[in-house]
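Asks: Per numbering that gives the first Met the number 0: the sequence shown = residues 0 to 237.
Hints are supplied without guarantee of correctness; some may be wrong.
[What the hints assert, rightly or not] Here are the computed lysine-lysine pairs in the DSS-like style, where the Cα-Cα straight-line distance is at most 25 Å:
hint	residue 1	residue 2
1	K228	K191
2	K225	K191
3	K191	K235
4	K91	K145
5	K71	K57
6	K201	K232
7	K191	K201
8	K145	K182
9	K18	K42
Source of the hints: derived by calculation from the structure; they are not laboratory data.
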Amino acid sequence: MADTQILDGEIIITLPVEKVYPGIKEKLEEYLNRFPIKVIPVKKLSQAQNGLIHVLLKQFGDEIGYTLIEIKELMKEQFAISTDRLDFSTAKCDMETANEFISFIIEQALELGINLYILGRHDKRYRHILEIDNITQRYVIACLRKRVCCICGKEHNEYNTIELHHWNSVASIGGYENCDGLKTPFMSLCAKHHQEFHATGKETFKNKYYIEGVWLNTELVKELKKIYKGHFKGFKEE
């Protein structure tokens, strides 16, 4: 992908090519001059996004013994390869790509069993996560897949049971026998936070943690059915 910048009154285009040879610059300029310039403005990543990226990377690096610089370079390289954005740079990143990178960091950490979980209500890291569209949803889905509590980050093991939580009451969808995973949002909660949800109610819980269940599609239901045994009894695979 070409990199473009304005320098000393000129538009400078840096274009990767297979081979640099004499005369290629002139040929490319002649070729490009045939086309009109079309500018597509996109919103640059926000300060909140940039702050969250560095907070998450610092937290991730501390867990695995990497410095901030080391983990940042590693995550940038892996993200660039996995998304085919070989010129990826946070310095020139737009908001949509920044969202994807934040989700990538969270998901990579969960893959290693590291929970970059949502923190306290007044923590800046917590608010940053919630100010960015789709990040919370992708976080909840990642937690569902890894069977960790999306509030406190506890893992499912012999000491902790992480439960599949129906955001709306099971009775409202016809009971467990009729639950196909498509009629209500879901999230994964530890016993403590599951009890808190039922004790305080949906609205209080949402207002406290600024997080809610996510809707599943058929592919996610198939995937989660293998993780949460005994659930989605009403789901019929085609």
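Asks: Is the straight-line distance between the alpha-carbon of K191 and that of K235 25 Å or less?
Replies: 32 Å, violated
Asks: Mind checking the alpha carbons of K225 and K191 for me, to see if they're no more than 25 Å apart?
Replies: The given pair, whose Cα atoms are some 24 Å apart, holds under the 25 Å limit.
Asks: Is the Cα-Cα distance between K145 and K182 25 Å or less?
Replies: 22 Å, holds
Asks: Please work out if K18 and K42 have their alpha carbons no farther apart than 25 Å.
Replies: 34 Å, violated
Asks: Do the alpha carbons of K228 and K191 lie within 25 Å of each other, as the hint requires?
Replies: 20 Å, holds
Asks: For the pair supplied as a hint, K91 and K145, confirm whether the alpha-carbon distance does not exceed 25 Å.
Replies: Cα-Cα ~32 Å, so violated.
Asks: Please verify whether K71 and K57 have alpha carbons no more than 25 Å apart.
Replies: Given that 25 Å is the threshold and the Cα spacing comes to 9 Å, the pair holds.
Asks: Going straight from one Cα to the other, do K201 and K232 come out at no more than 25 Å?
Replies: Roughly 24 Å between the alpha carbons, so the hint for K201 and K232 holds.
Asks: When you check the alpha-carbon spacing of K191 and K201, does it fall within 25 Å?
Replies: 15 Å, holds
Violated hints for the displayed structure, listed by number in ascending order: 3, 4 and 9.
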